[in-house]
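K.L.:
For reference, the chains in residue letters:
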Amino acid sequence: MKKFENKTVLVTGSSRGIGAAIARGFAVEGATVIVNYLQNEEAAEKTVASCLELGGDAWAIQADVTSESDVNRMMNQIELEVGKLDVVVNNAFKPYVFNPETRKMFSQVKWEDYQEQIDGAVKSTYYVCQQAVPLMKKQTRGSIVNIVTNLVQRPLIPYHDYTTAKSALIGFSRNLAVEVGAFGIRVNCVAPGLVYPTDASRETKEEVKEMIISQTPLRRIAQPDDIVGPVMFLSSEWSQFMTGQTLIVDGGLVMS
Amino acid sequence: MRERVGYLPDIGEEIIETKILTFTRKGEVLEVEAPLLTMKQMQLVTEKVKTASSEVLKNMSITEIISIIDTAIEVLLDRHSTYRKKAEMLLPIVTGYDKEMIRLGLTSFLKKFRKHELQRFVVEDLGNPLLLDDFQPRVKRGYSKAVGPELILHVWAGNVPALPLWSLISGLLVKSGNIGKVSSAEPLFAGLFAQVLVEVAPQLKDCLAVVWWKGGDEAREKEIFRYSDVVVGYGSNTSLESMSRRIPVTTRFLPFGHKVSFGVISNAALDSRKALTTAHHAAFDIIQFDQQGCYSPHIFYVRKGGNVTPAEFAQYLAQELESYQKRYPRRTLTLEEMTAAVHWRNQEEVTSFSNPAKQVFGQTDHHWTVVYEEGAAFSPTCSNRTVKVIAFDEIEDILPSMLPYRKILQSAGIAAAPKELFRWAEKFGNIGVTRITALGKMTSPEAGWHHDGGFNLLDLVQMVDIEHSAEEYAEYFAAYVD
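Top line first, the protein sequences correspond to chains A and B.
Residue numbering for the first sequence follows UniProt numbering, starting at 1 and increasing by one per position.
Residue numbering for the second sequence follows UniProt numbering, starting at 1 and increasing by one per position.
Take the hints with a grain of salt, since some may be wrong.
As the list claims (entries may be wrong) - In the DSS-like style, the derived pairs of lysine-lysine whose C-alpha atoms are separated by at most 27 Å in a straight line are:
1. A:K205 to B:K115
2. A:K209 to B:K111
3. B:K19 to A:K46
4. B:K58 to A:K209
5. B:K40 to B:K19
6. B:K48 to B:K85
7. B:K26 to B:K40
8. A:K205 to B:K99
9. B:K304 to B:K40
10. B:K304 to B:K441
11. B:K19 to A:K209
No wet-lab data here; the hints were simulated from the structure.
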């Protein structure tokens, strides 16, 4: 039997990049994957198609995860269609361009920038979890995986707003883990390093990549597929006694 | 997807036959339509290019020509230009190389043809660029001018994308008419460059042509070689030899045949900190265009005595190749290449059983192979990311086995301290190496390099001298003589 057969998995922001790779990973293991997306319907349908091809079940739901009503609509739809939810991967985030040369200096960052990122990372996860936790409670089982960043541990490049928001998400995850552990629900984080290629990292220059590679024990930078394994590990019972943890997936650049 | 390649000058209302070359990569199919001219059309093109270049190019100053090429290169360096986008989209399908490898390779290659690099290019060969424009005074008295041929025919190979630019740009700099024959393996880039060039400088529209015919087409080659003043040929020694048999004695032939390159690593580059970077650079030279270039290394000689031993270096190299496989995957090999790779690996494995010092790294499912050996003879590998690491004590120990390859040696990538670098360069120069470069830069020759030890421009031009006597004699007939 495949590892995620008869399991329902929601991956937010999974039309492209890391999210799409995660969706495909679950599909290979037989899961029913809900491909959530904001705008790019064509890309989402492509991800759905490849999930089906890989042997899973999948469908796409459009929803802005920073909108409470959108999230409620999506979760109702999932409950109606499948009736349960086993895994949630909070992967969606506010679009951000990782370009060390054009990043905003502290003097240029507005509070609105922080707010936008906090909404993208924490508010969205909050809305999704508010709806997902009751569903998981019913089964006394569930796993929530939140995608953060290794920049929290080591802000190699100070993307102030982005990294601050992701730091908050780690704190959010730990608190939630403590409370929902009593219902058999686990909450963990996966913290990738720079992942290339994705739309967000498209502008990162070779020099920066080489700089990161030269300090990375595994001698390369991450690709979307590298993030899949750790996410699936934290979603499965292989990690049944782990909660509130952050797995760093960056080839060993950051160790903690 | 279908793309018309090549470039033709205006030869009137002619119906041009095309040959369809089909390329497939990861499910994407690209049909390339290459112009295949009849003998008569070929003759028309030749005449047109000759006339136009003598009327237009030969009357332009070298500064003007450089600035036109510079503008065309700017267009191709601009990642938002339609030409650049086209190159980035189509070259991976045509060549099979990874998209990122093509993108980065293009930028690093094209950068070498901007204005300042081209100026250096010209000065490197001629000293005084104005020699291409006008008679220039000589120290020994008298005057000289460098005159380019009327027509240069380039027969390009397709091993590395965009490579035709070296000879095509050289031909333009000496103000010659240029006709290029693209290879079936990479028929795209030369024509694309010609199109950009004509777009930025419409006056050059009839000064060049980029066409296709099947390599080795005797009748066609015999005919066109007759019209050309210089033939620049790239390819295997066999194809160049057969080409040379068809070239009339009055046409100059500049053949660039197969070459082999290697790297040499001093123990100074193998301390506990630097060994990793050294392996990273060496691996890049191997993976870039899957060792298809004449400048690609097949062997790394590694000196004993470093904190990291040569065998450990081989392991580092293997891991770097594996990391690069994830970043820039090797292209899909043809059946022939695959068989060669398996055969090479098998042979190395079999001989390693009887040689305890020999090790073969990587499994059959890896897209690279590293073989470590001591005291092995120089021998090119089967390319496509296969490499040998050979340990040595003194540089003199490795030279004898390279000697038989004197005629095909080209680049040596070196990681050594300055004193060693010059001592080794002297030794390698004596056995036929023509280019010493840094490790990690082997696949990226500098602007104005001496390709295979020759000159880019000087080999194309003819010097015209006005001897001092002529000048003095002319004075005698001047109207102003009192």
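K.L.:
Are the hints correct? Go through all of them and say.
P.N.:
Each hint tested on the structure:
1. A:K205 to B:K115: This hinted pair holds, its Cα atoms lying about 24 Å apart.
2. A:K209 to B:K111: holds, 20 Å
3. B:K19 to A:K46: violated, 35 Å
4. B:K58 to A:K209: Not OK: K58 of chain B and K209 of chain A at ~46 Å, beyond 27 Å, violated.
5. B:K40 to B:K19: holds, 17 Å
6. B:K48 to B:K85: violated, 31 Å
7. B:K26 to B:K40: violated, 40 Å
8. A:K205 to B:K99: Since the Cα atoms of K205 of chain A and K99 of chain B sit roughly 16 Å apart, the hinted pair holds (cutoff 27 Å).
9. B:K304 to B:K40: violated, 63 Å
10. B:K304 to B:K441: Measuring from Cα to Cα gives roughly 23 Å; hence the hint holds.
11. B:K19 to A:K209: This hinted pair is violated, its Cα atoms lying about 42 Å apart.
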